[in-house]
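Asks: Here is how the chains run, residue by residue.
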Amino acid sequence: MFTNFFLELRQAKVPVSIKEYLALMEAMEKGVSDYRVDDFYYLSRSVLVKDERNLDKFDRVFGHVFKGLEALPAEGTTAEIPEEWLRKLAEKLLTDEEKAQIEAMGGWEKLMETLKKRLEEQQKRHQGGSKWIGTAGTSPFGAYGFNPEGVRIGQDKNREGRAVKVWDKREYKNLDDTVEIGTRNIKIALRRLRKFAREGAEVELDMPDTIRSTARNAGYLDIKMIPERRNKVKLLLLFDIGGSMDAHIRVCEELFSAARTEFKHLEFFYFHNCLYEKLWKDNRRRHVDTYSTQQLLHTFPPDYKIIFVGDASMSPYEIAYPGGSVEHWNEEAGQVWIQRMADNYRSMVWLNPVPERHWSYTPSIQLLQQLSSNRMFPLTLGGLDSAMKELNK
Amino acid sequence: MKFTGTDSYVASDDLRVAVNAAIALQRPLLIKGEPGTGKTVLAHEVAKAIGAPLIEWHIKSTTKAMQGLYEYDAVSRLRDSQLGDERVKDIANYIKRGKLWDAFTAEQRPVLLIDEIDKADIEFPNDLLLELDRMEFYVYETQQVVKAAQRPVVMITSNNEKELPDAFLRRCFFHYIRFPDRETMTQIVDVHFPDLQRNLLREALNVFYDIREVPGLKKKPSTSELLDWLKLLMVEDMSPDALRSKDSKQLIPPLHGALLKNEQDVHLFERLAFMARREQRQ
Numbered sequence: 003m004f005t006n007f008f009l010e011l012r013q014a015k016v017p018v019s020i021k022e023y024l025a026l027m028e029a030m031e032k033g034v035s036d037y038r039v040d041d042f043y044y045l046s047r048s049v050l051v052k053d054e055r056n057l058d059k060f061d062r063v064f065g066h067v068f069k070g071l072e073a074l075p076a077e078g079t080t081a082e083i084p085e086e087w088l089r090k091l092a093e094k095l096l097t098d099e100e101k102a103q104i105e106a107m108g109g110w111e112k113l114m115e116t117l118k119k120r121l122e123e124q125q126k127r128h129q130g131g132s133k134w135i136g137t138a139g140t141s142p143f144g145a146y147g148f149n150p151e152g153v154r155i156g157q158d159k160n161r162e163g164r165a166v167k168v169w170d171k172r173e174y175k176n177l178d179d180t181v182e183i184g185t186r187n188i189k190i191a192l193r194r195l196r197k198f199a200r201e202g203a204e205v206e207l208d209m210p211d212t213i214r215s216t217a218r219n220a221g222y223l224d225i226k227m228i229p230e231r232r233n234k235v236k237l238l239l240l241f242d243i244g245g246s247m248d249a250h251i252r253v254c255e256e257l258f259s260a261a262r263t264e265f266k267h268l269e270f271f272y273f274h275n276c277l278y279e280k281l282w283k284d285n286r287r288r289h290v291d292t293y294s295t296q297q298l299l300h301t302f303p304p305d306y307k308i309i310f311v312g313d314a315s316m317s318p319y320e321i322a323y324p325g326g327s328v329e330h331w332n333e334e335a336g337q338v339w340i341q342r343m344a345d346n347y348r349s350m351v352w353l354n355p356v357p358e359r360h361w362s363y364t365p366s367i368q369l370l371q372q373l374s375s376n377r378m379f380p381l382t383l384g385g386l387d388s389a390m391k392e393l394n395k
Numbered sequence: 217m218k219f220t221g222t223d224s225y226v227a228s229d230d231l232r233v234a235v236n237a238a239i240a241l242q243r244p245l246l247i248k249g250e251p252g253t254g255k256t257v258l259a260h261e262v263a264k265a266i267g268a269p270l271i272e273w274h275i276k277s278t279t280k281a282m283q284g285l286y287e288y289d290a291v292s293r294l295r296d297s298q299l300g301d302e303r304v305k306d307i308a309n310y311i312k313r314g315k316l317w318d319a320f321t322a323e324q325r326p327v328l329l330i331d332e333i334d335k336a337d338i339e340f341p342n343d344l345l346l347e348l349d350r351m352e353f354y355v356y357e358t359q360q361v362v363k364a365a366q367r368p369v370v371m372i373t374s375n376n377e378k379e380l381p382d383a384f385l386r387r388c389f390f391h392y393i394r395f396p397d398r399e400t401m402t403q404i405v406d407v408h409f410p411d412l413q414r415n416l417l418r419e420a421l422n423v424f425y426d427i428r429e430v431p432g433l434k435k436k437p438s439t440s441e442l443l444d445w446l447k448l449l450m451v452e453d454m455s456p457d458a459l460r461s462k463d464s465k466q467l468i469p470p471l472h473g474a475l476l477k478n479e480q481d482v483h484l485f486e487r488l489a490f491m492a493r494r495e496q497r498q
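Note that the protein sequences, when read in sequence, are chains D and U. Each number in my numbering corresponds to the 1-based position in the first sequence with 2 added. Each number in my numbering corresponds to the 1-based position in the second sequence with 216 added.
No wet-lab data here; the hints were simulated from the structure. There may be inaccurate statements among the hints.
Label pairs and their calculated CB-CB ranges [what the hints assert, rightly or not]:
no., chain 1, residue 1, chain 2, residue 2, range
1, D, Gln13, U, Asp349, 42 to 50 Å
2, D, Pro303, U, Arg418, 21 to 29 Å
3, D, Glu10, U, Asp349, 21 to 29 Å
4, D, Leu24, U, Thr321, 40 to 48 Å
5, D, Leu207, U, Ser277, 16 to 24 Å
6, D, His267, U, Asp406, 35 to 43 Å
7, U, Thr400, D, Leu207, 15 to 23 Å
8, D, Asn219, U, Arg303, 48 to 56 Å
For each residue, glycine too, the CB sits at the ideal point set by N, CA and C.
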């Protein structure tokens with residue numbers, strides 16, 4: 003019965019699997035949560051979402067799928083609210099004066115009849131206005147309204163506690179924002195790159211050291227361990243080259259040479275302004291020797307870590323529209339390609355040589371910041387450090 | 217066995233549902249959240265609330281999954297063999313039980329806390345997949361199967377330093393402890409310091425949330441820091457007026473050491489104070 007919900011979650015790229023869906027069913031069967039919307043929301047969130055970055059997506063899908071649940075508590079069935087409930091509620095809430103007004107409107111039965119009719123007509127969740135059943139309107143039906151003849155549907159006394167409120171709030175919107183950092187000289191920053199290539203648990207027996215220390219130990223065993231040498235990090239560097247990047251060429255060169263000596267598995271490509279369907283390795287032969295981005299997506303497995311280096315400063319059209327490139331006609335918009343990269347490679351960061359405090363003034367930077375799910379970092383000590391941490395996850 | 221929060225821990229609705237779901241369905245519960253929002257404390261409180269013993273396994277960068285099951289101390293066996301010890305003949309003497317073993321064989325259904333799982337090596341969670349799923353493992357040295365008599369309540373905390381593998385996540389329930397809003401925070405403080413003056417608390421919370429709003433802080437103060445700070449304020453017998461004063465010299469809150477843990481953050485504050493003073497002069 004929640005298949006739709008499950009499929010929509012997958013469509014929204016929330017990674018849910020059948021196993022989790024079955025776990026949710028099991029939980030429903032065992033009656034873990036009370037039969038309240040809030041509890042079901044909390045339960046399904048805890049079962050289906052495994053990363054706080056997906057919480058906002060989840061909230062949106064939940065709000066979408068269970069839209070109108072507040073007004074129509076019985077999911078799937080026609081909206082038949084027992085008349086007695088409403089009558090009782092009304093008796094509790096309405097003053098004598100207001101009851102008299104209902105009488106003036108044609109009596110309780112008339113009111114209920116109109117309500118039923120409207121419930122049938124109405125398809126969507128409604129907010130405001132003066133006819134439909136929804137919230138905050140002046141129609142006689144709905145919640146939080148001002149019509150004294152109004153009927154409250156599905157509204158608790160405590161507005162804050164309502165489930166719809168909870169997910170409509172979308173509190174998790176900002177959870178993955180980036181940390182602002184100070185600047186320092188780039189050399190120390192580059193040294194940081196080294197750290198993440200060599201780490202791990204001490205797992206290997208250090209033969210020479212064990213023999214040496216056992217001998218020193220008068221023949222009693224003294225075992226020495228060392229960490230496994232692991233430089234398994236595979237890196238794909240994508241440089242924006244030319245145009246506005248000329249101002250940052252020195253810092254990019256330093257980054258490039260440092261990365262080259264540090265990583266055995268390193269590949270690099272160039273692009274101009276934004277990523278499109280073609281990349282190249284040699285700037286002099288950039289129009290002859292190209293490498294298709296589609297091929298790149300197939301060639302390098304998803305465990306490659308992607309580092310974009312670019313100032314991301316351009317006209318937003320170059321990112322958002324087909325044919326937006328300044329150099330050639332591109333069939334598909336730059337953002338489509340960036341999105342493909344983001345979908346294919348879990349570890350992806352964007353290093354931006356433009357100081358972070360200027361980012362908010364350039365729409366294209368914000369656009370790319372969004373496209374890379376806020377994984378854009380300034381090309382500084384702190385930025386590199388955070389970027390490496392992000393890649394290390 | 218329903219967890220509803222305790223008299224020393226304020227649990228929000230969503231947290232309660234998550235914990236109860238994990239207990240009822242016998243799945244591990246993965247807890248994430250800002251440092252200092254009570255992830256580790258939760259396990260202690262759950263254990264207390266359902267009256268179960270707590271087994272803690274704190275993870276470090278060198279911790280290996282195997283250590284949670286058991287360790288075969290080959291080195292001391294070799295040493296004993298050099299010394300001609302009798303114990304050397306039985307290999308079981310050199311098997312050291314790990315925390316998972318303890319949890320599986322506990323007489324009463326325990327709460328097992330795997331603390332800061334993200335500190336370990338990247339393969340660590342993968343190595344525990346089967347053990348957490350089936351709640352059993354095999355001891356090669358003695359050829360025995362250790363199987364959980366009753367599945368322990370497993371709580372796992374993570375500070376998000378490493379992303380956890382999908383296969384692992386699929387076996388867990390997940391809860392993200394959101395930073396508490398002002399109302400919840402007042403409840404939390406009430407639970408910890410019941411005799412705190414109302415107005416002192418109000419002023420302190422104002423200062424606290426103001427600090428959290430300051431853009432560019434490296435480490436935002438969290439619940440545990442607020443509690444420490446309040447304790448200090450009480451010890452120092454600070455008056456609410458001292459907190460309220462909008463005097464720019466006092467822009468840095470008194471006893472800020474408990475809230476700001478980074479000298480860059482303190483500098484940032486000093487700079488803000490300096491700017492505020494300059495504005496006043498103009």
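Asks: Indicate, hint by hint, whether the structure satisfies it.
Replies: Consistency of the hints with the structure:
1. Gln13/D x Asp349/U: 42 to 50 Å: violated, 28 Å
2. Pro303/D x Arg418/U: 21 to 29 Å: Given a distance of about 56 Å, which is not inside 21 to 29 Å, the answer is violated.
3. Glu10/D x Asp349/U: 21 to 29 Å: Holds - the Cβ-Cβ distance for Glu10/D and Asp349/U, about 28 Å, lies within 21 to 29 Å.
4. Leu24/D x Thr321/U: 40 to 48 Å: violated, 29 Å
5. Leu207/D x Ser277/U: 16 to 24 Å: holds, 19 Å
6. His267/D x Asp406/U: 35 to 43 Å: violated, 55 Å
7. Thr400/U x Leu207/D: 15 to 23 Å: For Leu207/D against Thr400/U, whose Cβ atoms are near 52 Å apart, the range 15 to 23 Å is violated.
8. Asn219/D x Arg303/U: 48 to 56 Å: Given range 48 to 56 Å: violated, Cβ gap about 21 Å.
Going through the hint list in order, the structure does not satisfy hints 1, 2, 4, 6, 7, 8.
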